[in-house]
Amino acid sequence: MKCQILRFFNACSDKFNPLYDNCVRRILVMDLGCAPEDLSPEDRPSYIRSLVDLSQERSVCALGGLLSFLDKSLARLTLGAYECNILAVKYLSLDNILWMDTDTLMNLQIFAPKDHPSSFKWSWNRSKEGFSIFGLFNQCASKLGTRRMRTLMSQPTKDRYVIESRLEVIKFCLESRHAPVVKNIRENISHIQCVSKILTHLKNGLATVNHWLLLHKVLTNAIGIAEFCHAHQASGYYFQQIGSCLDNVLYIIAQSISRIMDKESSLLEERFIVSEGICEELDRLCCQRLFALQKSAMCQAR
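Under this note's numbering, think of the first position of the sequence shown as 19, with each following residue one higher.
Calculated from the structure, these hints are not laboratory results.
Cβ atoms here follow ideal geometry from the backbone N, Cα and C, with glycine treated the same way.
Heads up, none of these hints are tricks.
Each computed DSSO-like pair below joins lysine-lysine, with the alpha-carbon atoms no more than 27 Å apart:
#1 K189 / K176
#2 K235 / K221
#3 K161 / K201
#4 K176 / K161
#5 K235 / K281
#6 K215 / K235
#7 K90 / K215
#8 K146 / K161
#9 K281 / K215
#10 K161 / K235
#11 K161 / K132
#12 K90 / K108
#13 K221 / K161
#14 K161 / K215
#15 K108 / K161
#16 K90 / K221
#17 K221 / K281
#18 K146 / K215
#19 K215 / K108
#20 K108 / K221
#21 K176 / K108
#22 K235 / K201
#23 K189 / K201
#24 K161 / K189
#25 K146 / K132
Beta-carbon label-pair distances, calculated as ranges:
#26 R166 / Q318: 51 to 61 Å
#27 S111 / S283: 43 to 53 Å
#28 E245 / K221: 26 to 36 Å
#29 S194 / L112: 38 to 48 Å
#30 C297 / L268: 22 to 32 Å
#31 A252 / I296: 36 to 46 Å
#32 L154 / N228: 31 to 41 Å
#33 C191 / R76: 36 to 46 Å
#34 L303 / Y65: 37 to 47 Å
#35 G223 / L162: 21 to 31 Å
#36 S283 / R178: 54 to 64 Å
#37 S194 / L224: 40 to 50 Å
#38 K90 / N228: 26 to 36 Å
#39 C52 / R178: 29 to 39 Å
Please work from the sequences and hints to get the whole structure.
Structure, rendered in structure tokens:
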């Protein structure tokens with residue numbers, strides 16, 4: 019993937035190259051999930067121009083090459099036309115990142131992947147972490163936290179404000195009077211998972227009962243974490259940032275799932291069952307179904 023993007027980037031290095039114009043056109047027509055719902059096709063280019071600086075030649079070429087690669091790869095994987103939906107465009111600054119190559123990370127023992135001793139069980143992505151700094155500090159309560167810590171150690175920051183903000187969180191967690199609170203927040207974090215696949219199943223109408231229950235569980239614990247950070251927002255920047263994510267939409271979604279979904283019946287029948295009193299039409303159909311079952315049972319008994 020990197021080689022293909024680099025070749026595409028080299029070909030687009032000249033702003034007056036026709037491929038550069040292709041990149042601009044591809045960027046202006048990309049489907050953004052963060053775009054307003056009432057955005058018209060005529061206003062879409064202006065909206066994207068407000069997000070992407072098209073005067074930055076290299077950024078435009080890199081983004082256009084990446085979108086082109088995704089279009090071709092997804093079309094090949096799905097064996098048909100597939101629209102690549104981009105959730106949002108985010109700028110990443112490389113000024114405050116300390117870049118280190120793989121040899122440096124290994125020599126400093128920041129990472130020490132350890133392969134399985136059996137050659138039959140070896141796999142390129144199944145190596146375990148040996149004795150390393152990452153292994154010592156990895157006390158994360160979730161898989162998402164472990165991935166985030168690996169990213170932070172792979173790309174350490176030089177920004178003093180970011181480092182001090184992280185130290186504020188560490189200082190808060192190390193205080194003995196906050197031990198019960200930290201224990202509760204770790205319990206909530208342990209139930210946080212990535213909901214991308216769940217949302218994809220919901221969008222395509224393929225969600226199972228377990229998907230709905232898992233989504234409700236993640237939302238409930240995420241709300242608990244946001245409420246905790248909102249209550250302690252004076253303790254640091256990250257508490258303020260997470261607490262600001264507390265939105266009424268999260269409460270509405272969590273309460274709607276809890277009120278509409280009959281969990282016990284859904285688990286028994288292995289399909290989504292709506293609770294009684296939510297929809298009169300569904301209640302009437304359910305009563306007709308029960309009456310038909312009773313009538314059938316009585317006929318068989320006779």
